[in-house]
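Q: In case you want the letters, here they are:
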Amino acid sequence: MAPSLAFRDTQRERRIFVVRASVLLAAAMLLVGGLFLRLVQLQVWEHETYRTRSEANRIQLQPLAPPRGLIFDRNGVLLASNRPVSALNIVRERVTDMDALLTELTVLLSLSEDDLTGFRARLGRARRPFESVVLKQVLSEEEIARLAVHRHRLAGVEITTQFLRHYPFGPEFAHALGAMGRIDEDDLKRLDPVRYSATRFVGKRGAERFYESSLHGEVGHQKVEVDAHGRIRQVLDINPPIAGQNITLQLDSRLQRVAAEALGERRGAVVALDPRSGGILAMVSQPTYDPNLFITGISAADYRQLTADRDRPMFNRVINGQYAPGSTFKPFVGLTGIANGAIRWDERIEDRGWFRLKGQQRIYRDWSWTRGNSGGQGLVDLDRAIYRSSNVYFYDLASRMDIDRMSGFLAQFGFGQRTALDIPEASSGVLPSRAWKRGARGEPWYPGDSVNMGIGQGDVLVTPLQLATATMVIANRGRFVRPRLLLASDQPLVEFDPPPQLQDVQGLTVEDWERMVDAMENVVHRGNLGYRQSGTANAHIGQNLPYRIAGKSGTAQVVQIRQGEEYDERLLDEYQRKHAWFIGFAPADDPQIVMAVLVENGGGGSSIAAPVVRQVMDAYLLPQIVAR
Amino acid sequence: MTTRDFVRSLPQRETRSAGARLRQIHLDPLMLIGLLVVMGFGLVVLYSAADRNVDMVVNQSVRLLLGLSVLVVAAQLPVTVYLRWTPFAYAGGVGLLLLVDLIGSSAKGAQRWLDLPGLPRFQPSELVKIMVPMMVAWYLHDRPLPPGLKDLAVALGIIAVPTGLILIQPDLGTAILVAGAGVAVIVLAGLQWRWMAGAALALALAAPGLWYMLHDYQRQRILTLFDPQSDPLGAGWNIIQSTTAIGSGGVYGKGLFQGTQSHLDFLPESHTDFIIAVIGEELGLVGMTGLLLVYLALVARGLFIAAQAQHAFQRLLAGALTLTFFVYVFVNVGMVSGLLPVVGVPLPLVSYGGTSAITLLGSFGIIMAVRTHRGW
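Protein sequences, first through last, are from chains A and B. Using my numbering, the first residue of the first sequence is number 1, and each one after it goes up by one. Using my numbering, the first residue of the second sequence is number 629, and each one after it goes up by one.
Keep in mind the hints are simulated off the structure, nothing from the lab. Just so you know, these numbers come straight off a predicted model, no measurement behind them. Hints should not be assumed to be uniformly reliable.
Stated by the list, open to error - Footprint (simulated), chain B over chain A, 3 or more residues, beta carbon under 8 Å:
#, stretch
1, 44-58
2, 503-514
Stated by the list, open to error - On the chain B side, residues computed to face chain A include the following (Cβ under 8 Å):
#, residue
3, 835
4, 875
5, 889
6, 913
7, 918
8, 922
9, 925
10, 943
11, 958
No residue lacks a Cβ here, since even glycine has one placed at the ideal position from N, Cα and C.
One chain only, chain B, in its complex shape:
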């Protein structure tokens, strides 16, 4: 090929085959676009939330790039590799959780972090959010579906062990997310509706008992949800300030960098868990709805990929990871807008923080692997 030929053919190749070329390296173009939109949006909002602190934005960009490379690597692996390694990864995750309970470092009254020599500080519970649905999918994939009573019991056991270990930390929010991700697999596997209804009923009956097992501060958070003004300077402060931030934004928001709630420090955790309130304040209902729609599109794409997959393990894995992602979004937005109790859940790919972003991008890599590795 001469240089002239190459030049002539370049635009044509670009338009025709950009998606195909991405697929060739096992990436899903639609999903990738959605993720990049969310991350780019997130970096802009972070720049505002962090009071134009460039270092923080650079920091977060590095983490996201690291996450993207994890995504690319994860997408290259055929699903059979995941199938083979899932039990070991699960065992490793549980082991790390045990380690956290024994030697973890504390922050804000809970042991969640692991400081291992030679590794950056990280939260093993974040990894477990992926390990649990993978393990449940691994267990159920070669059994008759819908699952029988015995298989159901084993699956619940697989969920219960790490959930229990996270509860000990204590980290109720993550425990609920982990359990939710595992249960999502069981639901996707075809658990009968009446059993689910029964479980829901049992949970409702057990609720008063569970209430007494909660720590005081956890109970306080739930009570605060119903009446933030009961403790306006303490537990209610976060909710009051975040709803004020969102509500004061109105339809179009106060404009980027113009949020008074966040820039005058009224909004706590404005660059981490409560960053969605900054979006609500500065970009208004329009910005919030746009972001939610992109999230919803990612969820729809994930479930579509899952439904298209050939093998039960692929379906369960992709479906469960997608639902985990959705639960993250819903719990975070629900909590910041005052619908759910305050639990420590970051806004996926937007909140400042490393472990969660890398884990989530890794899980999207796995979903893309499901999409692009057709054969077993």
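So here's chain A without its partners, still in its complex pose:
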């Protein structure tokens, strides 16, 4: 090509440029036209869509959690309340150096490894920009103050407060009230998603669970304008939540404390009922746990320890512990014998210390047989068989009755079924019959089974609540009253839809009831009459009693003692020793309190369980007697 300057045609260059510039200007106009079309699309054609989307961004309908109803005892003592709990949240977008911030916070507060690993996991999940992430669920007053002092150095740290369930008595009422827990996937399946849209905890056990619907209240809503960080700029409209109903339970917190102290550190159960209403005055199951832990967050290690504990602190022995009733079963078997005509009140049976079924080798012993036969109780009628707790009498009596007739009568006392009005979690125990044994064991009923059942051993199982309920039937002279937790509520409760009244016990006369009550009074009050003449519990609780207790002791075997072997407590593991039982009511002629006490592996019912009954009854009745 020739030297560049030689052939320059400025006119042509300029013409070309003008054409190019015009073309490019036209192109620019086209492109701006394109932009304009796009704007028309967004702002005119699709305006509604984007307007809605913008409103949806800005305006949120937030559910408002209703304050949960409070729970009171019969005297108005607050058993379950709500208290404000502050949590520490972090907005990652506002934090310049997360590690440095966490280090600083670790100095200011007690942050556990659980807190930190949980926080990192939550931080990793998808969320909106500027959405906060929980670091610590519960802050103490001191920690809040310390954070406030250092606030200027802690960009991105937020403190939020919400009301959470609080049990002022902690472990003392854990089994009586039940407990709350975080809503989990199973709960989500059964709960109304709208009603629970602002709720994070739900009643998991006991009264908290049964009365959940009334305690919960109705969710409210507020229409708010929020910014992109989820912070509320202004409340546009509010439809306040309706607080849950307050309920009053039959529980007497003073009696509950006395019962817990009387039981002490021993494993076991105490239940006290008001025989007129069936109201549960006290329900103690030891060991217990602190239900507050499940609300403010329990550490994995604590939870493992709680569930792995051999003594099962979360197990409610009053309603779910199923035990052989032992000798406490004898008054009911005795009444069965009278009602079925298998025996008369004045009929005597010779107790030589052992019993053998006709044509069998097996020996059934009296409880007094320890290191050899003690000779038995001699000639015993039903009254003596109760206050001396003769095994042989009841072996004999039970062997005379058809099992199904016996079970049919005993069922009237509530054995083998759930009778409480508002405790659906209660276990039903076992009241054996031919059909039951065929179904459960695949075996026929043997006469020996009846013999064991006569003294409350063998297959029969009861819960402390069941035994107390049955005792209440005797106290009420045959009238059946269902046990219940609820005393009163501000308004009728949706849950409280009482099932039909259970029928009163049929087939006994007024005199039969009075004679049985007299026999049970003898257990406690018959004393100072010489060797083998006093009631079994007289020495332990029968002294200086200003009121009359009708009771019955029981000592239930945990392990089978084989033929020819001795029961030697020293050779047995603690968990294989006998359970101590005592049932009773007082005053015997005008019952105001009915009790059942079980001490697991405690030993003798009269010596171990009866004093617990006496202490609680004293606390309940003595102030009334003094007042009179």
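For chain A, the structure is supplied; the task is to place chain B on it using the hints.
A: For chain B alone, kept in the frame of chain A given last:
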């Protein structure tokens, strides 16, 4: 002249010669009006976008005033001065880019800023946006046009070096703008249409290869453009929120200071790159169209000035600077309204920021110099 004479003649002088007097100090009145309209509009919108933060508006006003003085100074220099100094300015720009790659400070994962002692922090890549078209115009101005193959190759080389340096930062958006500005000069110089068609075809064929050279986040931005909902809280957030802001504005907008998307912080970068969405939300289609028309008028005026110029260097320089300005506008509005991938391009003279405004006003000063310095 007596005082009375002066007073009598004052209104007459004003109406007759305001434009002429501006031209006398080498300013183009039409272009200046357009620029002032855009800047004034921009300050009002910024006041709203920054939640009535007066400090920010004052800050930006100072920068714009600084830019205007740069404009006035640039307009005073005859084009021959630019012709003489262009190679040195280009070399200096490339040098600064090298410096950024070596010792630049990082922001949001890319090294773009230069912190030199005694100077405010600035982005050399912004300066290069002017240097590259100037250098290409300088190279082509005394060669036969349309350019031959050899000249074309050299011109492309002039473009490629700074573009490559910016890509390393990495800043794909600016690299494309810089390359675009350079290529615009070549197009204006009269490059044959068939060569352009060929280049476009080659680019289309190379596209899949280029795709693999992109950083993950860049690919993500492009993918997000087609389906913002694929990552609504991450890369798609900006586009979703900006289109929502614009769309919800409707024809007349929600009113100044009434935009919920921007004032409730849903719209990110609402006072910088995404400020046009605030205009769309608060002033609606009317406000957007008005602004676009003013921009278009500025472009038309720039190209007119270029076409009127006597010398090839003047034409190429003024034309290229005008087109660079247009590309800024188009890329920014296209990106905010969801037509183009999100790249870091501010809205000229409206977005909050210094380097870009000063550079752009400087380039308008050069265009005015082309207009007002008739002789060589």
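Q: None of the hints should be skipped; say for each whether it holds.
A: Evaluated hints:
Counting residues of the stretch 44-58 of chain A whose CB falls under 8 Å from any CB of chain B gives 11; the rule of at least 3 is met. With 0 residues having a Cβ less than 8 Å from any Cβ of chain B, the stretch 503-514 of chain A misses the three-residue criterion, and the hint is violated. Nearest Cβ of chain A to the Cβ of residue 835 of chain B: about 21 Å, over the 8 Å cut. The hint is violated. About 3 Å separates the beta-carbon of residue 875 of chain B from the nearest beta-carbon of chain A, less than 8 Å, and the hint is met.
Proximity of residue 889 of chain B to chain A holds as hinted, the smallest CB-CB distance being about 6 Å (cut-off 8 Å). For residue 913 of chain B, the suggested interface contact is upheld, since its CB lies about 4 Å from the closest CB of chain A, less than 8 Å. The interface hint given for residue 918 of chain B is broken, as the beta carbon of that residue sits about 11 Å from the closest beta carbon of chain A, more than 8 Å. Evaluation of the residue 922 of chain B hint against chain A yields a violated restraint, the C-beta minimum of about 11 Å exceeding 8 Å.
Restraint check, residue 925 of chain B versus chain A: the minimum CB separation of about 11 Å is more than 8 Å; hint violated. Hint status for residue 943 of chain B relative to chain A: holds, with the closest Cβ pair at about 5 Å, below 8 Å. Satisfaction of the interface hint for residue 958 of chain B is found here, the shortest Cβ-Cβ separation to chain A being roughly 5 Å, below the 8 Å cut-off.
Of the numbered hints stated above, those contradicted by the structure are hints 2, 3, 7, 8, 9, listed in ascending order.
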